[in-house]
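2 protein chains.
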Amino acid sequence: MASSEPPTASQASLSSVDGVADDLAGTTLSKKQAKKLAKKEAKEERKQQTSASATAAQDDSAEADPFAANYGEVPIEEIQSKAVSGRVWTEIGALEGQLSGQSVLIRGVAQTIRPVSKKMAFLVLRQFTSTVQCVLSVDKESVSPQMVKFATVLNKESIVDVEGIISVPKDPITGTTQQVEVQIKKLYCVNRSVPNLPINIEDAARSEKDFEKAEQTGVQLVRVGQDTRLNYRVLDIRTPANQAIFRIQCHVEDVSSLAGFLQMRFLRSEGFVGIHSPKLIAGSSEGGAAVFKLDYKGQPACLAQSPQLYKQMAICGGFGRVFEVGSVFRAEDSYTHRHLCEFVGLDVEMEIKEHYFEVCDIVDRLFVAIFDDLNENCKTELDAINRQYPFEPLKYLRKTLKLTFEEGIQMLKEAGVEVDPLGDLNTETERKLGRLVREKYDTDFYILCRYPLAVRPFYTMPCYDNPAYSNSFDVFIRGEEIISGAQRIHLPELLTTRAEACGIDVKTISSYIDSFRYGAPPHGGFGVGLERVVMLFCALNNIRKTSLFPRDPQRLTP
Amino acid sequence: MASSEPPTASQASLSSVDGVADDLAGTTLSKKQAKKLAKKEAKEERKQQTSASATAAQDDSAEADPFAANYGEVPIEEIQSKAVSGRVWTEIGALEGQLSGQSVLIRGVAQTIRPVSKKMAFLVLRQFTSTVQCVLSVDKESVSPQMVKFATVLNKESIVDVEGIISVPKDPITGTTQQVEVQIKKLYCVNRSVPNLPINIEDAARSEKDFEKAEQTGVQLVRVGQDTRLNYRVLDIRTPANQAIFRIQCHVEDVSSLAGFLQMRFLRSEGFVGIHSPKLIAGSSEGGAAVFKLDYKGQPACLAQSPQLYKQMAICGGFGRVFEVGSVFRAEDSYTHRHLCEFVGLDVEMEIKEHYFEVCDIVDRLFVAIFDDLNENCKTELDAINRQYPFEPLKYLRKTLKLTFEEGIQMLKEAGVEVDPLGDLNTETERKLGRLVREKYDTDFYILCRYPLAVRPFYTMPCYDNPAYSNSFDVFIRGEEIISGAQRIHLPELLTTRAEACGIDVKTISSYIDSFRYGAPPHGGFGVGLERVVMLFCALNNIRKTSLFPRDPQRLTP
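Which chain is which? The protein sequence lines are A and B, in order. Be aware that the first sequence starts at 1, since it is given in full-length UniProt numbering, and climbs by one per residue. Be aware that the second sequence starts at 1, since it is given in full-length UniProt numbering, and climbs by one per residue.
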């Protein structure tokens, strides 16, 4: 193979093993790939040749083939809005035994193409998360040997239309989700993929167990590194586990259909109003963490590092209880398994009457509802993830455990870990505490409250009895922080004092501080990263797995 | 009043009348306000004095007052998470006749405070969209003249807790939403607002009819200009119309509970998966419109001007049907009633089998469902908007009208308006066509399809029969465009050719174009601006009314 050509799937995948497998792989491959992408002319040329030869093959035989009309490329006009034919396509997920003997029209992706002989071939078609086995076998009514040949020279991942008869095999089918077969009578290619995919879906879908098994039998399987996956994300997200991950994320966000007949959504049913706050803001956001800066029509601006200030302003505007699902931007240089430069924040802010435990109560009930719902309604998706990335189900209590920071410190101390009682916990200590809590309370999900004031943002309300502590909390899943929340300061004088003490230039947040001068209710709230919820619920090892097109300090594309 | 002090409500409001009232007002006031904000020390000082004197007044009389415990400022600890008292607050919206004779505890905003005598005062308390009349009258069990005095020196918009007995007056109450009165027994101030608000809620809530009536009787009412409203958005959004606007927006977004028992959400029930695409992207987005540029860790980046490329990539990734609700950024210098630099986009993308009318069909059913739902389930909110901004209900058909661009041109021609048959329509012509369509078809909502290719983005699929036209459509409400949609090009070669023809640097979108090489299904989609849907459904005159904290070329704050 000429060096100017793109690597085949196995080449690309093997090179990625040189880096850190399935983790924060190095950039070796990325450079190669960049080169490759720049040289796609060669690829295209070859593709056109392949395509042309396939068509030629078909044309050659077509002359002598009485069933030539039963297969071939779909003319572009037919998928270019020429006419509404009225034909009815059946979804692959809907192919079940009760359709036995009936003719169906399906459109799917040719996931695998397996020639058996010149007279027979098997195809597995995929649509979304469903797959079905199709059999193409020469007969006297519709299928010719030329048609079988046409099928076997299709490139994997091409889009095809199949007309066929449903049948139910005697033995259960293990390789597909649907327990029926389709006897192909017509087969058309809607869109042909390139012959050599940068990654193979089967490779990308393998579990560690598959690798272990293969190793025992001396077979070397291709391993697709995390970086390669992200470079070819469009292929990577076609795996069952990835299809499931983003369906689960969507489900969590649909915060959250309480299990049950009425399908009431949790936040809505609690009287929360969904809002959208601006992401382009003046000044330097909340200070502290690094922000992305830009020029806004001649004014210095930055991207909001959270909707914090604006959701509080919405509370001052009389909305009572608000939530927002939206993009959050962090210019931090954190290159870890759990940080992104852009993620989806679920933010909640609410009036409280007297205690920030009113906020903790919403966290408790919301997340127990989310977890219950996932376990009850996303079994298929959780199974798909489990097959590739096995994990223990999350342990959580009906009433979420609440510990104080001081109690946490004490537990650590008793376990021999000394921690600064007025400092923050680091990731390692948090994990350790998570293990201790699991041992003692049998839960992977708990709230740690009353954090030292010094480690919380300036707008956090100090404790009434000890200003070294604050009315704040973090929430942990499997020992990792996913939620931060607190009562906020609603008194403009105290807010100004605290902002100044934290080194914030109060002039840049004057409209925020002024919002509390016109009658401001006591309030609190919290923020969650959507990607982290899914990552930790499923015990995935990298947040890039739960971000559709992740952004980190080194990745801005695709 | 010293010049260093902030203007009172009437001053601020009157100055804004100098600009364009209730419209795109000039910047005269903004400068004044900037000055004012910088000088808030003076304000704070005065506030503290006022607060101190109020407390003093109370203290003076408290000594001689046997009912001193029944009123006063709530000590900060009590709203600083000291304890969970177990007291139960009733929502103002829940105060109804059946509670007559019962004692309730409510927290609300002191919207109006009207002293009648030294022994009696009326308060109207507001919570979210509900208001209730409260009566404070000296008696022998709990209310002293000092308590009445305490009430009358409260500043409007302060947050108060009231304990009182519910009664039902003989005559209906016209000024509040709740048809009961609260006989106040205890009254505590939770948070005191400044004595002189920059805008009064009553002023901000007036309709044109109120102004007309007042003018007839020779009364001059204060008019709050759009710019002043946005400067003090936290106060402005407390009006009933604004509370309703953002509740309706949330309802539309909750796309969209189909009216009916099961509360199935429309897009979800149609098999769409909600996704989140990155807003930080490499290169120059889709080209064309101006983008906000920024530095991303040393790489040139910009803010996505739509999720277009990424939602198509999600389709190539096998999700079948996706939608996204998220921020969209446009650096255009459009300073009109209908453009924002940042808005909320509802984007949909879906596989199609053969015709882009499959996309139009989703638009049709989705929006008819949304409109039905708003009319059925948001009556209270629509009434609140109607009281301040009267509008005719939207006319729409059960099956949405679809006209071709050529038919539209012909209708305009017959009405004496000559339009370039291969050019775009301008705002004025669109409005004219909207009127013609309304006359002929009795609808304010219709789809115009088959636009000239030259006026559509590069990724738009040309028509099969005439490459001067495209498989695209716009959708109009009341003669204004709210939706753009089309079939997309799923063939990488054609996509490259079209991008080059449109002057796009294809290198910057190579990962997008490559996505179509791995088996790409025919697909189409559309995008909607959430703010425009609400603006046009309610026939509001300015998109700033439906954006919580709007961003335009001149506004980056609050």
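One or more of the hints may lead you astray.
No copy labels: a pair is met if it fits in one copy or bridges any two.
[Stated by the list, open to error] Dumping the calculated DSS-like pairs for lysine-lysine here, alpha-carbon to alpha-carbon at most 30 Å:
(1) K82 to K402
(2) K170 to K140
(3) K353 to K185
(4) K297 to K379
It is worth saying that the hints were derived from the structure and are not from the lab. The model shown is predicted, which means the values in this text are computed figures rather than measured ones.
Non-conforming hints, listed in increasing numerical order:
Of the numbered hints, just 4 does not hold.
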